[in-house]
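S.K.: What follows is each chain in one-letter form.
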Amino acid sequence: MTGADPVGLYRTVRLIRRFEQRAIDLVHHGQIVGGIHPYLGQEGIAAGVCAALRPADLVTGTHRGHGHVLAKGADPARTMAELCGRETGLNRGRGGSMHAADLSVGVLGANAIVGAAGAILTGAVWARRRRGDDVVGATFFGDGAVNEGMLLEAFNLAALWRVPVLFVCENNGYATTMPVADAVAGTITGRAGAFGMPASVVDGQDPEAVHAVAAAAVARMRGGGGPELVEARTYRFDAHHTFEHVVRLDYRSPEEVAAGRARDPVDIQGDRLAPHRRAQVDAEVEATLDAAVAFALAGPEPDPAGALDHLYASGLTGRTGGGQA
Amino acid sequence: MRLSYRRALTRALADELARDESVFLLGEDVRVGASTITSGLCRRFGPERVRDTPLSEQAFTSFATGAALAGMRPVVEFQIPSLLFLVFEQIVNHAHKFPLMTGGQCAVPVTYLVPGSGSRTGWAGQHSDHPYPLFAHVGVVTAVPATPTDAYGLLVSAIRHDDPVVVFAPAGALDVREDVDTLAPVPFGRGVVRRAGDEVTVVAVGHLVHDALAVAEDLAGQVSVEVFDPRTVYPFDLDGLLASVARTGRLVVFDDANRACGVAAEIVASVVERVRLAAPPRRVTRPDGAVLPFAPGLDRAVQPGREALTAAIHHVVKDAR
Ligand SMILES: Cc1ncc(C[n+]2csc(CCOP(=O)(O)OP(=O)(O)O)c2C)c(N)n1
Ligand SMILES: [Mg+2]
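For the record, the sequence lines run as chains A and B. Each residue of the first sequence is one higher than the one before, counting from 15 in our numbering. Each residue of the second sequence is one higher than the one before, counting from 4 in our numbering.
It is worth saying that the hints were derived from the structure and are not from the lab. Being a predicted model, the structure only gives us computed values, none of them experimental. Treat the hints with care, since some could be wrong.
[As the list claims (entries may be wrong)] Computed spacing ranges between beta-carbons, pair by pair:
# : chain 1 : residue 1 : chain 2 : residue 2 : range
1 : B       : D178      : A       : G163      : 31 to 39 Å
2 : A       : D317      : B       : R277      : 39 to 47 Å
3 : B       : D182      : A       : V271      : 36 to 44 Å
4 : B       : L245      : A       : E167      : 33 to 41 Å
5 : A       : G44       : B       : F88       : 26 to 34 Å
We treat Cβ as the ideally placed atom computed from N, Cα and C, and that holds for glycine.
Just chain B, same shape as in the assembly (with noise of 0.2 Å):
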């Protein structure tokens, strides 16, 4: 079956609203589907479980917890990655901490679910921002799928776990395909290597993954390089990584967002605390603090590119020869 990565998504909405009556969904412009995500779901299981909200991000994401301590699964979506840092406050100082500061008399099993996260080109600063770094920093369960099957087993698994989960879906990954044959759940913190190689690991978070894949198919034959995708950045998969890092001894990590006290950061300190490297470990993501400017030239400056990862990989190779 050919899948494409939105189609994954309403599939997983689908399939977790037909399994268990307490999930629904609660959005903006969902009943008809304004993000594409949600269409026909509302003809389907009607508006009851179908939300359509008001614009109030803050009140609809503390609904969401609070109808999750009463025992549903709400599933949140939000138009615009940058919302995030509007409800951060609902998500973090709320829904995170119930468990731990009710000394464990209570669950908050929440989706948040951000479709066309990062750059949209031409949406401008405050709509292109990939704001997942910050819930991997204050704990909140993290997944930035970079495949269609992996679009639909990492939401699902979320809509079934019993913490909140924000599920990052890039706005670059929403047009890949791919053929499946069966859908699963997607555990938490289990990377894969998506392409084996031997003398360079890159770490590539979501749509970067099919970035990473294409450079090492153009370096074949130079630089055989190893693509890992995380598929959760928090939990993340460090053995996974470790063992790949093992038998290549070089590290790139490919990160749409951005640099300092980025995931990238996290991630190569994570391993150089424990092995030595044969070269220096490098980033290639978006730079400190990065605004994005309007115009697509500038837009895409600011991005982590292929270019930019096949001189990371070139680096790290002569580095060590």
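Just chain A, same shape as in the assembly (with noise of 0.2 Å):
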């Protein structure tokens, strides 16, 4: 088992927390189009999970998915360009921000589906370790996700055929409106329990703590151990998805959002930093996402004439002799 790099989390959340806010910014601005779902207040589950694993390991990540794209290693000036539909783009411009995937850093992609990951994962990484890579996975979901006939389906595969997933429920309290509590009969972990499988709460704004069952639970898999599920409970501090900047939904008390944000994973691990450090690292990651927005805006537009392109990966056409004229 690894011990946490104080450092390192920190430099992660607040990556994950400035693009976000730039991200919002360039969404009201009209360069990011249809808006985003932000992470802002979860940032220390991506961080401290995804430092327990490998470049070779594997994540999906969800409809609020820069944080575990950006966790996971991929560059944040081609994850912008993607959020802004460019060229230059992590997938060409052709994803956008809720199907951001960077394969070659293990990230099959955020997805847009909820609860519809987890079993993809599942079947990545069982085939990586039957081919002989010794991979472990990590897969997040919401709350949400947990009442999904899927989800469920894939713990069951994963259990019964042993496929080391760490399944990562971000716990925000909410699925857009929807409280916890009246969402989930029984408990989260209790599902994991119906299907043998360990399961345990962490405290998902403490990057550290996140980070050290995430790190124990990889250890196991590594060792032979099966998969297990982690409920992290967290706060989203801002909106579902940012069209709630602009149509409001009544559900939220001001006080809860205030005592939500009040534990915010970016301080908690900051204030673990000498001051001096945490300018310095503050300074450095303003500057790499400077350079990510310039960059991300300097790039082109795909062509029109390749809005197809990748449709099949065989090259396949559907019509032969006929057009589409």
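Two chains, two frames, some hints: make the complex.
M.R.: Next comes the structure, spelled out in structure tokens:
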């Protein structure tokens, strides 16, 4: 088990925080079309879990997925370019916020269908190990996803076939406007228990606590253990989606939001650093993001003639001889 | 009265909830009305009849089937068109098949409401489908209203109908407003001529009706375009269309769905089986097997637009002259 690197964890949570804030600005300025689901407040989870993984390990993210992509090591500049729909983006501008993927660093993609990615990751980890690669995986999902049958079916397959997948539930208290208490019968960890999977609860606002739990689980999995579930308790600081900056949805009291924001993972981790060190990291992150935004906005928009590039990996065209006109 | 498309849907839900105790609403974030369609309904009708569900689409879709078998008239709202792929099994294999499989012992009067179908620009691959041809293919009643009046009328008819009905409210139509005098149920399988013309019939589905009308206006003086809105793609008003084509002799279908095995293909085939057109018909659709790419320019490039429709109209007219 590797100990936490306090500076590294801080750098990651700070990077995600500032990336998201800049992305929100770009949404408001029309540079990111379609809006985003901000990860603000939940940064410690992606940072802590991914710090426990190796570059070859695999992850899947969610609709709220920038944090997972960045924490696993994707280039912030190409990630921002993707959000801006540029040819220079991770997905050549074809995916956008909810589908950002970088297979070269083990990110099999954010995913816009809640609960759908867990089974994909399970299959991917199983296949890589079968081919002799010593990898494990982590799949992130929200509290809303634990009521999707397809995720529970993935729990069963992973446990049944002992696939080393860390199921990471980011319990931020709500699925859009639906409170966990009104949606989840039983408990989240109890669902793991039903499949004989070990489960634990961790303070998702503390990056080092998340890291410790994830590192212990990953060590067990690398030693031949099966899948595990960790429920990280967290709070979403901002809107479900930036459309909420325009359309007000009434479901959280201002007092509740203030209390949630009081436990900020960036400060919790930042307070563990000497002030000058923290300031130094902040400056480095700012420089990285200045460059990332400049890179993103300088990138060319994709040529519409290539709108369906990559539709088929095989190069298949559905129609022979007919054409589209 | 000035009525927006969104409020027309809200009105239809409110009127039916008020009229019939067996109607209830089910879906994600319907209490607060995240889709904006169900706003205010929970306050008026209470959380028993405006029910927020966990994220369990497959279960709540079949829960609605069960409730319908037991005499209720559920309306299920889906936040995203692509969720219909997730619940295709529940709708097709169960709700749709039960009446026949039980030898007529039951009915399954469920309405599936899909506000914001098609591209919402920037929602990309997994949120931008417009999957109505699939439902026409399996034979589920499929409505794609273009106007606020029809949004109201078709949704009311769907709720009162004794079989499952999917109502697709295209994202591109949600902001349409119109002056309305009376609101009434709209029958299924009855299209309307939105603009009369005598050289070419354009069949336009959903929000594309408005684009077709704009193109017809642009071309006025050059080509006389008739715009036919089928309102429901299944059942389809073939008699109405044949009457129009009998006048114009030419056909273009304008349909925001994938081309191969799409609704446009079915419409063209049904017409040419019965009449000899003056020129080969044309389809203006999404390409075969399209997945909507994220970048706005790519998203637009994959959707059928006014330019492509204009070109197709010129083609069929020229082919005939
Ligand atoms: C299968 C599915 N159902 C519904 C949606 C629409 N939707 C997107 S995010 C979301 C809420 C997800 O809540 P949760 O899993 O708790 O994640 P959070 O947004 O809180 O991070 C919903 C309902 C979707 N994308 N996929
Ligand atoms: Mg949540």
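S.K.: For each hint, tell me whether it holds in the structure or not.
M.R.: These are the hints, each one checked on the structure:
no.: 1; hint: D178(B) with G163(A): 31 to 39 Å; verdict: 35 Å, holds
no.: 2; hint: D317(A) with R277(B): 39 to 47 Å; verdict: 42 Å, holds
no.: 3; hint: D182(B) with V271(A): 36 to 44 Å; verdict: 42 Å, holds
no.: 4; hint: L245(B) with E167(A): 33 to 41 Å; verdict: 48 Å, violated
no.: 5; hint: G44(A) with F88(B): 26 to 34 Å; verdict: 31 Å, holds
Violation of the numbered hints given earlier is confined to hint 4; every other hint is satisfied by the structure.
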